[in-house]
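S.K.: Protein sequence lines correspond, in order, to chains E and G. In terms of my numbering, the first sequence is residues -6 to 170. In terms of my numbering, the second sequence is residues -6 to 170.
Honestly, the hints are just simulated from the structure, not real lab data. Be careful, since some hints might not be right.
Intra- or inter-copy, both count: the list cannot distinguish identical chains.
Taking lysine-lysine pairs in the DSBU-like style, the calculated list, with each CA pair at most 30 Å apart, reads [stated by the list, open to error]:
1. -2 <-> 48
2. 0 <-> 53
3. 117 <-> 95
4. 48 <-> 11
5. 79 <-> 95
6. -2 <-> 125
7. 48 <-> 0
8. -2 <-> 95
9. 79 <-> 0
10. 125 <-> 0
11. 4 <-> 53
12. 53 <-> 112
13. 125 <-> 4
14. -2 <-> 53
Single-letter residue listing:
Number of protein chains: 2
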Amino acid sequence: MMELKEKTVRKNYIYRGKILNLRCDDALLPDGNPCQREIVEHSGGAAVLCIVEEKVALVKQYRYAYGEEIYEIPAGKLEKGEDPVKAAIRELSEETGLLAEKMNHLFTLYPSPGYTDEKIYIYKAEGIRQGKEHLDEGEFLNVELIPLSQAYGMIDRGEIRDAKTVAALFYFRNRIQ
Amino acid sequence: MMELKEKTVRKNYIYRGKILNLRCDDALLPDGNPCQREIVEHSGGAAVLCIVEEKVALVKQYRYAYGEEIYEIPAGKLEKGEDPVKAAIRELSEETGLLAEKMNHLFTLYPSPGYTDEKIYIYKAEGIRQGKEHLDEGEFLNVELIPLSQAYGMIDRGEIRDAKTVAALFYFRNRIQ
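Taking the hints into account, I'd like the entire structure generated from these sequences.
M.R.: The structure is reproduced here in C-alpha cells:
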C-alpha cells in the first residue's frame, strides 16, 4: 500500500472569524515534496433527526451561501469544546420548541474532507415533548413537520439537498426496513 | 410563514486561493438589521458511486484537515464552469483506473450550507470497464474494492464518515431493497 501521510511544516493563519478560521499551511507530501493546504477550521456541529408520529421536523432556512431557502434537520454549531449531545438538545429546543429526553448518536459525518476539519454529530431525539421555541437573535427560520414518505420524495426530486439531512433520512429509512 | 431572505450589501474578499476563496460579506437580515456572513467559495465537486460485482470502489486518502486516512468514493473538484459529468468520468478514471460508459446523476448534496456554496454532484457509474490509473501529480491514494455489506458495516462502526460516501451508499441500499 502507498504511504499516504502528510506532515505539517508550518500553520499559517489567514483569517480568524466568528464561525470559521482559515489557514494555508506549508506541508510535505508523502514523497517529501512541499505542498500547501488550505484548511477551514470549524468547531463542529450537532444535528438532530426528530421524528414525531411518522413526521420529521425540518427547518426551512435562508442560506446566504446558496441564496436559497433550504430544508435541514435542526442543527447548530458547537461552542468550542462543547459536548455535542448538549448542543443537540439545545438546538432542537431553540429551533423547533421540541424537548428531547435523550439523544442517541447515529453517526458522525465529515462534510467536505478536502478542506475542512468540521465534524457533524448526528443524533436521533427520543422521548420528545412540546416545549417553547426560542430562536437566537438574528436567527430566522420556519419549522415544518413533514411526513417521512413525503420527505423521501423530496430527496428524490432534489428538494432536500443538505448532506446531514439526506444522510440522516436515508439512515432511518434503512433502519426500519 | 416568516420572511427569510437576506440581502447582500457588499461582498468582501479576504482570500483567493487554489481550492477556495473566502469572503466576509456585509448583509441584511430579513428584519433589516445588519449582519456579516463568512462564505467559503468553492467551484463544486463530482463524486462517483462505482459498483462492480457487489463491491464498491473506495479510495483511501490522507485528509490533512483531519490528520487521518479516510475512505471516500472517487471524487474531485470541478474546474470553473466544468460539466460535472465530465469531472465524474475523469476522476473515476484517474483515481481508480476504471472507465465508465455512462454516469447517472443520483442526487446533489450541499455539504455544509452554513458557510460554503459548494455543491457535490453524485453519479452512479454504468458500463464499467478496466482502464489504467493515472493520478494527478501530488495525489496519493489507495484504491480498494469493498463488498457492499462490509461497507455498510463500516458506516455503522464509524469507519466511513465522509458525507458524500455515506449518502451515496445509503441511497443505493434503499434503491435495491
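S.K.: Now look at each hint and say whether the structure bears it out.
M.R.: Evaluated hints:
1. Taking CA atoms no more than 30 Å apart as the test, residue -2 paired with residue 48 passes between copies only; the shortest distance there is 26 Å, against 44 Å inside one copy.
2. In the homo-oligomer, the alpha carbons of residue 0 and residue 53 lie at most 30 Å apart only across protomers (17 Å), although the nearest pairing inside one protomer, at 41 Å, exceeds that limit.
3. Taking the shortest Cα distances, residue 117 and residue 95 sit within 30 Å of each other inside one copy (8 Å), while across copies they are farther apart (37 Å).
4. For a Cα distance limit of 30 Å, the shortest separation of residue 48 from residue 11 qualifies neither inside one copy, at 34 Å, nor across copies, at 43 Å.
5. Taking CA atoms no more than 30 Å apart as the test, residue 79 paired with residue 95 passes inside one copy only; the shortest distance there is 10 Å, against 45 Å between copies.
6. Taking CA atoms no more than 30 Å apart as the test, residue -2 paired with residue 125 passes between copies only; the shortest distance there is 24 Å, against 48 Å inside one copy.
7. In this homomeric assembly, residue 48 and residue 0 never come within 30 Å of each other (Cα to Cα): the closest approach is 47 Å inside a single copy and 32 Å across copies.
8. Proximity of residue -2 to residue 95 under the C-alpha cut-off of 30 Å is found in neither arrangement, the shortest distances being 39 Å within a copy and 33 Å between copies.
9. Neither within a single protomer nor between protomers do residue 79 and residue 0 lie at most 30 Å apart by alpha-carbon distance, with minima of 34 Å and 32 Å respectively.
10. Taking the shortest Cα distances, residue 125 and residue 0 sit within 30 Å of each other only across copies (29 Å), while inside one copy they are farther apart (49 Å).
11. Taking CA atoms no more than 30 Å apart as the test, residue 4 paired with residue 53 passes between copies only; the shortest distance there is 24 Å, against 37 Å inside one copy.
12. Within a single copy, residue 53 and residue 112 get their C-alpha atoms as close as 22 Å, and across copies as close as 18 Å, so both meet the 30 Å cut-off.
13. Taking the shortest alpha-carbon separations for residue 125 and residue 4, neither the intra-copy value of 44 Å nor the inter-copy value of 36 Å comes in at or below 30 Å.
14. For the homomeric pair residue -2 and residue 53, the shortest alpha-carbon distance between copies (11 Å) is at most 30 Å, but the shortest distance inside one copy (40 Å) is not.
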